[in-house]
Amino acid sequence: MQTKTTKAFYLIPYYVWIVLFVVAPIALIAYYSFFDLSGNFTLDNYQNFFTSVYLKLTLSSFWYAFLITFFTLLIAYPTAYLLTKTRHKQLWLLLIIIPSWINLLLKTYAFIGIFGLYGPVNAFLNVFGLEETQILFTDFSFVFVSVYIFIPFMILPIFNSLDKLNPSLMDASRDLGASSWTTFSKVILPLTINGVKAGIQAVFIPSLSLFMITRLIAGNKVITLGTAIEQQFLVTQNWGMGSTIAVFLIIFMVIIMIITGQRDKGAYANGKNK
Amino acid sequence: MSDNTIIRFENVTKSYDAETTVLKNINLELERGKFYTLLGPSGCGKTTILRLIAGFMQPTSGSIYFNGKLINNVPANERQVNTVFQDYALFPHLNVFENVAFGLRIKKLGKKVIEQKVIEALKFVNLVGYEKREIAEMSGGQRQRVAIARAIVNDPEIILLDEPLSALDLKLRSEMQYELRELQQRLGKTFIFVTHDQEEALAMSDEIFVLNEGEIEQSGTPMDIYDEPINRYVADFIGESNIVSGTMVADFRVKIGDKEFECVDQGLNPNEKVDIVIRPEDLEITAVDKGKMKVKVDTQLFRGVHYELSTYDDEGNEWLVHSTKKADVGASIGLDFDPEAIHVMRLNETEEEFDKRLESYGEDAYAN
Ligand SMILES: Nc1ncnc2c1ncn2[C@@H]1O[C@H](COP(=O)(O)OP(=O)(O)OP(=O)(O)O)[C@@H](O)[C@H]1O
Ligand SMILES: [Mg+2]
Chain A
1 MQTKTTKAFY LIPYYVWIVL FVVAPIALIA YYSFFDLSGN FTLDNYQNFF TSVYLKLTLS
61 SFWYAFLITF FTLLIAYPTA YLLTKTRHKQ LWLLLIIIPS WINLLLKTYA FIGIFGLYGP
121 VNAFLNVFGL EETQILFTDF SFVFVSVYIF IPFMILPIFN SLDKLNPSLM DASRDLGASS
181 WTTFSKVILP LTINGVKAGI QAVFIPSLSL FMITRLIAGN KVITLGTAIE QQFLVTQNWG
241 MGSTIAVFLI IFMVIIMIIT GQRDKGAYAN GKNK
Chain B
1 MSDNTIIRFE NVTKSYDAET TVLKNINLEL ERGKFYTLLG PSGCGKTTIL RLIAGFMQPT
61 SGSIYFNGKL INNVPANERQ VNTVFQDYAL FPHLNVFENV AFGLRIKKLG KKVIEQKVIE
121 ALKFVNLVGY EKREIAEMSG GQRQRVAIAR AIVNDPEIIL LDEPLSALDL KLRSEMQYEL
181 RELQQRLGKT FIFVTHDQEE ALAMSDEIFV LNEGEIEQSG TPMDIYDEPI NRYVADFIGE
241 SNIVSGTMVA DFRVKIGDKE FECVDQGLNP NEKVDIVIRP EDLEITAVDK GKMKVKVDTQ
301 LFRGVHYELS TYDDEGNEWL VHSTKKADVG ASIGLDFDPE AIHVMRLNET EEEFDKRLES
361 YGEDAYAN
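Chains as they are written, first to last, in UniProt numbering: chain A, 1 to 274; chain B, 1 to 368.
Keep in mind that the hints were calculated from the coordinates and are not lab data.
Source: prediction; values computed, not measured.
Treat each hint with caution, since some may be false.
To be verified - Among chain A residues calculated to face chain B with C-beta under 7 Å, some are: (1) A110; (2) P167; (3) L169; (4) D171; (5) L189; (6) P190.
As the list claims (entries may be wrong) - Using 30 Å as the maximum straight-line C-alpha spacing, the simulated DSS-like pairs for lysine-lysine come out as follows: (7) K132(B) <-> K164(A); (8) K56(A) <-> K164(A); (9) K186(A) <-> K294(B); (10) K259(B) <-> K186(A); (11) K186(A) <-> K117(B); (12) K259(B) <-> K290(B); (13) K255(B) <-> K85(A); (14) K164(A) <-> K186(A); (15) K255(B) <-> K186(A); (16) K107(B) <-> K164(A); (17) K290(B) <-> K186(A); (18) K326(B) <-> K294(B); (19) K326(B) <-> K186(A); (20) K197(A) <-> K132(B).
Ideal Cβ positions, reconstructed from N, Cα and C, are used throughout, including at glycine.
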C-alpha cells in the first residue's frame with residue numbers, strides 16, 4: 001500500500017530538478033536584472049528596455065518569429081495532411097523527423113556551405129547566366145534556414161491531430177453538401193486547431209530567442225532579442241541589461257503560451273472516440 | 001425501368017484491393033418514395049452499397065443512375081442524398097443544434113428558417129431541449145438520434161440509414177421504428193435502411209434485399225421473403241426456421257426422411273433433391289396419433305409470447321416449435337401442419353427461375 005509519505009518521497013527528484021533548473025535560474029535572472037554595470041541596485045535596465053532601441057528590437061524579433069512561424073505552418077499543414085493519406089505514414093513521418101535529431105549547429109554550417117558564394121545554389125544560378133550573389137547574411141536566408149529547422153516541430157503535432165481525425169466526419173461534411181474548402185474550414189481545421197496551436201508554440205517561442213542561426217546565417221543583418229541577450233552578456237558584459245531582456249522574453253513566452261493554450265475538451269475533441 | 005425509378009445499379013462491382021471483391025455484380029432498381037432495407041450479416045457489403053449511393057466512392061465497374069442520370073462521377077456534396085452514419089459521425093466541435101444545422105447553413109438559409117427546421121427535426125427525434133448540449137455529453141442512443149435529425153432536416157430525395165437504431169433500447173427502438181416508417185410515408189421520400197436485425201427489416205420495409213457476401217440473394221416484400229425464401233441461406237437468416245433436406249416425389253408430394261407429405265409446390269423434376277423449410281410457428285402440437293409427425297420434446301424455453309420447444313424426430317432432425325401450449329420435456333408429441341406450411345426450395349436456383357416457378361403456381365394456391 002502506498003502511503004502519502006512514500007508518494008512524496010518519489011516526488012523529491014522532481015522537485016529538486018524543478019528548483020535547481022527552473023526556479024533558481026529564473027530567480028537569478030530576475031535578480032541580476034536589478035543591477036547596473038558596477039553592481040548597484042537600479043531600475044534603469046527596465047526603463048532602458050522601453051526606449052526605442054529595445055522596443056524596435058522586440059518588434060523585429062516578433063516580426064521574424066512571425067514570418068518563420070507563418071512559413072513553417074504554410075508548409076507543415078499540407079505536408080502533414082498528405083502524410084496522413086500515404087500508405088506508410090509512420091515511415092514518412094520518421095524521415096521528416098530524423099533531420100531534427102541532427103545537431104543544429106551542423107545543419108546551420110551546412111547551409112553556410114550551400115548558400116555561400118561558391119556553394120551549389122550560386123553554381124546553379126550561374127548556369128542561368130546569373131551573377132554570383134550573396135545569399136548568406138540576408139533576411140531571406142535567415143528565415144529560410146529557420147523554417148527548415150523548425151518544420152519537423154510543426155509537422156509532428158499537426159500530423160498527430162490530423163491522424164486522430166475520424167475520416168467519416170469528412171464524409172459527413174461532404175454528405176451535408178459542403179465543398180472541399182468548406183469541409184476544411186468548418187470541420188478539419190477546427191478539429192486540428194489544437195495541433196496547430198501546439199505547433200505554433202513549438203516554433204514561435206524558440207524563434208523569439210534564436211541567436212545562433214541569426215549570427216551564423218544572418219550575420220549582423222538581423223538583430224533579435226536572442227542576439228541582444230548574447231551581446232549584452234558576452235560582448236558588453238552588461239549582465240543586468242541582458243537579464244532584463246531575458247525577463248521580458250520570459251514574459252512574452254508565457255503570454256504566448258497562454259494565448260495558444262489548449263482548450264481541453266477531453267479525448268472526445270478529436271472525434272475518433274465514440 | 002419505370003419512371004418512378006430513383007436509383008438503379010447496373011452490374012455494379014466494388015473491390016477495395018486487388019484480391020477481394022466486396023460487391024459482385026449488383027443489379028437493383030429502387031422506386032421513389034419506398035422504404036428499402038438491406039439485410040445481411042456483418043461484412044456482406046451493406047455499408048459499401050450505401051457509400052456508393054452517397055458518393056463517397058466510385059464503383060470499380062458498372063453504373064449507378066439517379067433519376068435516370070449516370071452519377072458515377074458526381075461528388076457526394078452534389079447528390080440529393082443524406083446519410084445517417086453507422087458511427088454517427090457527429091461533429092465533436094459543434095453542439096447538437098449546430099450539428100443538425102450544418103447542412104442548412106451550407107445552403108445559406110436564413111437564421112429563422114434554420115432555427116425552425118432544426119427544432120422541428122429535434123422534435124421528431126425527441127431531443128427538444130438538448131440544443132445546447134455538446135456531443136460528448138450525449139449518450140449513444142441520443143447521438144444516434146441527433147444523426148437522424150441531421151440527415152432528415154435537409155429534406156433530401158433519399159435518406160440512407162446505416163443501422164440507425166442499433167444503440168437504442170428495445171422500447172425506444174420500436175418507437176423509432178414506427179416513427180421512422182411514419183416519417184418516410186409522410187415525407188414520401190426514399191429510405192434505404194441497413195440492418196442485420198431481420199425482425200426490424202420485416203416490420204419496416206416495403207422491400208427487402210437479402211445480401212450474402214456481396215451478392216443479392218433475394219429481394220422482395222417482407223411477406224414474400226418470409227413465406228417463400230429462395231434458399232437455405234435466406235430462410236435461415238430471415239427468422240428461426242426448421243430447414244431439412246428432402247425429395248420431391250411428384251407434384252404436391254414431398255418426402256422428408258421416409259415420410260411423404262402433401263405440399264403446394266409443383267413443376268419440379270420427379271425425385272429432385274430439395275431443401276424444405278417449415279417455420280416454428282406453423283407447427284402445432286397435438287396428440288401423437290393425430291400429428292403428421294411424431295417427435296420427442298428435448299427442451300422447452302419460455303419466450304414470453306410463446307414457448308419454444310426443441311424437439312427431435314426419429315431420424316434425428318431437430319424441429320423447433322413455437323407454441324402457446326405447454327408440453328412435457330421428454331414426452332412424445334405429435335406435430336401437425338398445413339400443406340402451405342411446407343416451403344420447398346430447389347438447390348442453386350437463381351432468383352429469376354425462382355420467381356418464374358412461383359408465378360406458374362397461379363394465384364389460387366396462395367389464396368389463404
Ligand atoms: N476501406 C476499406 N478497405 C478495405 N476493405 C474494406 C473497406 N471498407 C470495407 N471493407 C471490406 O468490405 C466488406 C464489406 O464491408 P461493409 O462495411 O460494406 O460491410 P457491412 O455489411 O456494412 O458490415 P457491418 O454490418 O458489420 O457494418 C468487408 O469485408 C470489409 O472488410
Ligand atoms: Mg456497415
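Right, here's what the structure says about each hint:
Interface restraint check for A110(A): the shortest CB-CB distance to chain B comes to about 42 Å, outside 7 Å, so the restraint is violated. Hint status for P167(A) relative to chain B: violated, with the closest Cβ pair at about 9 Å, above 7 Å. Evaluation of the L169(A) hint against chain B yields a held restraint, the C-beta minimum of about 5 Å falling below 7 Å. About 5 Å separates the beta-carbon of D171(A) from the nearest beta-carbon of chain B, less than 7 Å, and the hint is met.
This hint is violated: L189(A) has a C-beta 10 Å from the nearest C-beta of chain B, more than the 7 Å allowed. Checking P190(A) against chain B: minimum C-beta separation of about 5 Å stays under 7 Å; hint holds. Proposed proximity of K132(B) and K164(A) is supported: the alpha carbons are some 25 Å apart, at most 30 Å. The straight-line distance between the Cα atoms of K56(A) and K164(A) is roughly 42 Å, outside the 30 Å bound, and the hint therefore fails.
Between K186(A) and K294(B) the alpha-carbon distance is near 68 Å, which puts this suggested pair outside the 30 Å criterion. Taking the CA atoms of K259(B) and K186(A), the gap is about 70 Å. The hint is violated against a cut of 30 Å. Under the criterion of a C-alpha separation no larger than 30 Å, the hint pairing K186(A) with K117(B) is consistent with the structure, at around 21 Å. Between K259(B) and K290(B) the CA atoms are separated by roughly 15 Å; this keeps the pair inside 30 Å, and the hint holds.
A distance of roughly 60 Å separates the Cα atoms of K255(B) and K85(A); the hinted pair therefore is violated under the 30 Å criterion. As the CA atoms of K164(A) and K186(A) are separated by approximately 17 Å, the hinted pair is consistent with the 30 Å bound. Taking the CA atoms of K255(B) and K186(A), the gap is about 66 Å. The hint is violated against a cut of 30 Å. Under the criterion of a C-alpha separation no larger than 30 Å, the hint pairing K107(B) with K164(A) is consistent with the structure, at around 29 Å.
For the proposed pair K290(B) and K186(A), the alpha carbon gap of about 72 Å is over 30 Å, so the pair is violated. With a C-alpha separation of about 16 Å, the suggested pairing of K326(B) with K294(B) holds against the 30 Å cut-off. Between K326(B) and K186(A), the direct Cα distance comes to roughly 62 Å. Violation of the 30 Å bound is thereby established for this hinted pair. Distance restraint check for K197(A) and K132(B): the Cα-Cα separation of roughly 26 Å lies within the 30 Å cut-off, and the hinted pair is therefore satisfied.
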